[in-house]
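Enquirer: Kindly generate the complete structure, drawing on both the sequences and the hints.
Chains A and B supply the protein sequences, listed in that same order.
For what it's worth, the working numbering labels the leading residue of the first sequence as 1, then goes sequentially.
For what it's worth, the working numbering labels the leading residue of the second sequence as 1001, then goes sequentially.
Just so you know, the hints here were simulated from the structure itself, not pulled from any lab data.
Predicted, not measured: the structure shown is a model, and the values here were computed from it.
Where a beta carbon is used, it is the ideal one built from N, C-alpha and C, also for glycine.
Heads up, a few of these hints could be off.
Okay, the calculated beta carbon distance ranges per label pair [claimed, not checked]:
#	chain 1	residue 1	chain 2	residue 2	range
1	B	D1486	A	S110	52 to 58 Å
2	B	P1279	A	K108	28 to 34 Å
3	B	E1211	A	S110	43 to 49 Å
4	A	Q122	B	Q1341	55 to 61 Å
5	A	E206	B	P1279	45 to 51 Å
6	A	S33	B	E1070	32 to 38 Å
7	B	E1211	A	K476	58 to 64 Å
8	A	G69	B	E1070	44 to 50 Å
9	B	P1279	A	Q464	49 to 55 Å
10	B	G1452	A	S114	58 to 64 Å
11	B	R1252	A	P226	21 to 27 Å
With a cut-off of at most 30 Å between alpha-carbon atoms, the simulated DSS-like pairs for lysine-lysine come out as follows [unchecked claim]:
#	chain 1	residue 1	chain 2	residue 2
12	B	K1131	B	K1388
13	B	K1445	B	K1145
14	A	K445	A	K121
15	B	K1108	A	K18
16	B	K1495	B	K1445
17	B	K1121	B	K1131
18	A	K18	B	K1145
19	B	K1121	B	K1108
20	B	K1131	A	K108
21	A	K108	A	K18
22	A	K20	B	K1108
23	A	K20	B	K1020
24	B	K1020	A	K18
2 protein chains.
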Amino acid sequence: MAQSSTEAESAYDQLLSKYKRIANVENAGGILSWDQQVMMPDEGTPARSQQMSALSALRHELLTDDEFGELLEAAEEDDPTEEQAAVLRELRRDYERAARVPNDLVEKISAASSEAIPAWKQAKAEDDFEKFAPHLEKHVELKRKYAEHIDPDRDAYEVLFEDYEPCLPLDQAEDILADVREVLVSMIEDIRESDTELAVDSFEGEFDESEQEELVRDALSTLGYPWDRGRLDTAPHPFSSGTQFDARVTTRYDESDPLGSLFSTIHEFGHALYTLGLPDEHYATPLGEDRNLSVHESQSRLWENHVGRSRAFWQHFLPTFTEHFPEVDASVEEAYEAANQVYDDNLIRVEADELTYHLHIVIRFELERELVSGDLEVEDVPEAWNDKYEEYLGIRPETDSEGCLQDIHWAYGNFGYFPTYSLGSIMAAQLFAAAEEDIDGLDEKIASGEFGDLREWLRENVHQHGRQYETNDLVKRATGEDFAADDFLDYVESKYSEIYDL
Amino acid sequence: MAQSSTEAESAYDQLLSKYKRIANVENAGGILSWDQQVMMPDEGTPARSQQMSALSALRHELLTDDEFGELLEAAEEDDPTEEQAAVLRELRRDYERAARVPNDLVEKISAASSEAIPAWKQAKAEDDFEKFAPHLEKHVELKRKYAEHIDPDRDAYEVLFEDYEPCLPLDQAEDILADVREVLVSMIEDIRESDTELAVDSFEGEFDESEQEELVRDALSTLGYPWDRGRLDTAPHPFSSGTQFDARVTTRYDESDPLGSLFSTIHEFGHALYTLGLPDEHYATPLGEDRNLSVHESQSRLWENHVGRSRAFWQHFLPTFTEHFPEVDASVEEAYEAANQVYDDNLIRVEADELTYHLHIVIRFELERELVSGDLEVEDVPEAWNDKYEEYLGIRPETDSEGCLQDIHWAYGNFGYFPTYSLGSIMAAQLFAAAEEDIDGLDEKIASGEFGDLREWLRENVHQHGRQYETNDLVKRATGEDFAADDFLDYVESKYSEIYDL
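Expert: And the structure:
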């Protein structure tokens, strides 16, 4: 971390060592956040908040430092190699977005979140949207200003979206989600109207939590999780975090739902595998960092849905499952059906299945766009929310707690985050289809518990590139096609038509 | 962490908010270090080392920043209150020590440690002092330069000692340790020659590790450890760390030694209780930080030795112990003897008892003083070490692995650290004697498991002051006497004469 500069050291090298420090401060913050969610005792919050603010303010100051800007400019003019040019493109974007927003606005947004989060919790607990509304109002207002500082000439939501998807055009995302909505609304209607009864009874009952933990540890080992670079813990909201040297996963257990902890763990495994596949030698530089949220989510969903919810996987894994829970007397087919049940009356995003999930997202996406543009007033959110649930999913929330208050994202002022969840699933289908083409007998390999070729395909085609390519470029290199919804739609249509005899 | 300054904000307030950021960066580093020792997977080191270097370099830059120096001067001239003057005294000392040492020397010392630590490990494993000698040589040389930068007119060891004991004169420390050496050398000789056999058999055998964990958790609860501000984990080298909001302890288990994990846990409890007693409202400022190493060690040793190894404690705690280990059939007297056995043939500091421990320290203290002054050459360390063990403890190591290579401290270049261990124990005796005077029936209270008065006495007299008073001042306010060895010597003479019929 020495910052000494010699005449021989190029602007690029100096810049990169400044960036490494920034990335290390950020990664240190990641450890503090992991600890807060997994290990920290209840009363630790006041100190932890100050520690995390200190790191995040320092990161911001280091990134927006004049010298960083000057070195960036010098490096850009210094005839960079292709790889260097990619790094500089990423640093330029990070720098501009940070430097254009005044510190006091960053602080105001952070302060607004600190107030909004407890208000949101209370509003949700008491089913009282009024308690949250003024905070949501405040966030909309601040985030419009934020977007205006970054680029006054563009649509504010488009700018906000780039905080999470820096290099995927919003238009394209919008088209993809519209395609998905169109197909799914009618498929789900068909499923609701079909009289197919899935065989899910075998997975009902009480399942000991510590046995579930043993089971998910076995699942992680089966899939190839390297325990010397990671660990599994419990967290109220499962997540994964870390670096290529130390990528940790968390899960949670519900005695009545052993498939829940299993799929949540496989999901986090996918995230961790991505992180672990970033090149060691580029640690703490853009070439050793993940591309963005949708690519990350594509990795988790690929393992969760295309592997974990496949027939092939259950051919291999059912014996392990029944070793832990001998009372489960299910065939592979029954396990497959239980893993792919569509809940047509579920109001809650995080409990949704692979199909309805995306309509939960589309609803949030449409509403937050209108909120930011001013076409929807905060006070009208609950009704607009409920109307859309009725229109797209055929169900109407009876309370705001299980309606527009269910998710925390807006209490952080995060507008533009939700769509990345769906985009990730859609990208997962496209990547998996390409992997199936490239890997001979992938399905048979999964059925025999051989996951090495798939891990390697993902490492070569996605993980190892870090932030070298922009999203569309990365997808096109991996799959030969532009990023689109086609493979996802083929996948869900063929899978669910069969399961539900549509 | 806002750094905005207004005309109304005094130099003192601006300075304090700068210091808060520094302290928070340091505390963040503390979490990373805890995680590394307790949670981190094996392969996480490369990233973790960079994260910790980044934080420690940032801390150093923030502290030695010109603006920090200017604000410090302005605040000093601004007619500070008594409390402010204490804070400024502490910040001035921190600032001077950091600012006087050039960055490249700090980096050289850090690089020398990175090389010395694996070399020390290898030398210890292979019993080959030659492998470590050049690294020790290098550290001696660098640390002499380091001391010269801080103050060229003073004895180098005196300056180095202040890294650990910033405000206790080395002369005084030397006198105290000389007094202790004189008494202990002859006491231990007497014990070696006595034919008293202690009743220790009841605590021999195999003791299940998870049951030991339950036992030490009970011990922590009994002593009053607040679980909502802390946690217990396992670490290869037990330690405690954290802040007043989150002070964690660690321990380790040895199947053949249930008293080992118990006393190690009580020791760390004492450290944590000190940290927890620092005022919440002064978090991340000198008034909310611990005084120094000897005061910290006084708190751990007070609980470990004066409480945990007392007859009264075993009157209360033996039933809890035998609940966990019903096979132990010991009287309170036998438990007391087992807890206070003197190992007159032990060569290893960390396995030493309450008496011989201090001779292990005195030997290191005397040798490192001579090393730094040049009176002892590195190549002569092994023989000088062995000679002193023979002279003070009547035993001579047969290998350097169990001689001068046993401890890691010198591989870090830490000269002046060892004496703080003994000074802490000696201070513990003085503080406990004062607490006994102030608290009616303290012994009976301990025997009935009432520790609240003692905790409160320590909080009022030691913990709550943070760094407000310098060491001698703190001890004198708490005990009415200058810091000296008298109470410690009275304590060990009366205790061990009785146990060993001297």
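Enquirer: Hint says 44 to 50 Å; check whether the CB-CB distance for G69(A) and E1070(B) agrees.
Expert: Given range 44 to 50 Å: violated, Cβ gap about 26 Å.
Enquirer: Run the distance test for K108(A) versus K18(A): straight-line Cα separation, threshold 30 Å.
Expert: holds, 27 Å
Enquirer: Take the C-beta atom of E1211(B) and the C-beta atom of K476(A), compute their distance, and say whether it sits inside 58 to 64 Å.
Expert: About 60 Å separates the Cβ atoms of E1211(B) and K476(A), which means 58 to 64 Å holds.
Enquirer: Taking 55 to 61 Å as the stated bounds, is the beta-carbon spacing between Q122(A) and Q1341(B) within them?
Expert: Cβ of Q122(A) to Cβ of Q1341(B): about 58 Å, so the range 55 to 61 Å holds.
Enquirer: Given the hinted pair K1131(B) and K108(A), is their alpha-carbon gap at most 30 Å?
Expert: violated, 57 Å
Enquirer: Given the hinted pair K1108(B) and K18(A), is their alpha-carbon gap at most 30 Å?
Expert: Distance of about 20 Å is within 30 Å: holds.
Enquirer: Is the hinted pair K1445(B) and K1145(B) satisfied, with a Cα-Cα distance of at most 30 Å?
Expert: The hint is violated at about 52 Å.
Enquirer: Take a quick look at whether K1495(B) and K1445(B) sit within 30 Å of each other, Cα to Cα.
Expert: Holds, at about 19 Å.
Enquirer: Range hint 45 to 51 Å: satisfied by the CB atoms of E206(A) and P1279(B)?
Expert: holds, 48 Å
Enquirer: Given the hint of 21 to 27 Å, check if R1252(B) and P226(A) actually sit that far apart at their C-beta atoms.
Expert: holds, 26 Å
Enquirer: With a cut-off of 30 Å on the C-alpha distance, tell me whether K20(A) and K1020(B) pass.
Expert: holds, 24 Å
Enquirer: Taking the Cβ atom of P1279(B) and the Cβ atom of Q464(A), is their distance within the range 49 to 55 Å?
Expert: holds, 51 Å
Taken one by one, the earlier hints fail for this structure at numbers 8, 10, 13, 14, 20, listed in ascending order.
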